[in-house]
Amino acid sequence: MLEINKNYVLDKNQKAIAVQIPIAEFEKIEEILEDYGLGKLIEEVENDETLSKQEALKYLKLIKNNNVES
Numbered sequence: 001m002l003e004i005n006k007n008y009v010l011d012k013n014q015k016a017i018a019v020q021i022p023i024a025e026f027e028k029i030e031e032i033l034e035d036y037g038l039g040k041l042i043e044e045v046e047n048d049e050t051l052s053k054q055e056a057l058k059y060l061k062l063i064k065n066n067n068v069e070s
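For the sequence shown, position 30 matches number 30 in the numbering used here, and the numbering has no gaps at all.
Just so you know, the hints here were simulated from the structure itself, not pulled from any lab data.
Each hint can be trusted.
If you anchor each label on the Cβ, the simulated ranges turn out as follows:
id : residue 1 : residue 2 : range
1  : 35        : 9         : 26 to 32 Å
2  : 56        : 10        : 53 to 59 Å
3  : 35        : 6         : 19 to 25 Å
4  : 64        : 40        : 27 to 33 Å
5  : 6         : 36        : 16 to 22 Å
6  : 51        : 2         : 32 to 38 Å
7  : 10        : 35        : 29 to 35 Å
8  : 53        : 28        : 31 to 37 Å
9  : 36        : 60        : 24 to 30 Å
10 : 54        : 17        : 55 to 61 Å
11 : 51        : 30        : 28 to 34 Å
12 : 6         : 48        : 38 to 44 Å
13 : 49        : 12        : 54 to 60 Å
The structure displayed is predicted, hence computed values, not measured ones.
We put the CB at the ideal spot given by N, CA and C, even for glycine.
Using the sequences and the hints, build the whole thing.
The structure is reproduced here in structure tokens:
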């Protein structure tokens, strides 16, 4: 489990209103969330239509030549 070193920001009544974390830990959290989101996207589309290698290369060439909306 990722250990998060947090510092609480308090208002004048000593009520916690925000949290500060080191940037490296924030970037790690972002990476974890992006990986999770990518995994969910892969799960959603794994039964969708797939292209053969040749079809994919042809489509990529069309995109690079701006002949298809990406």
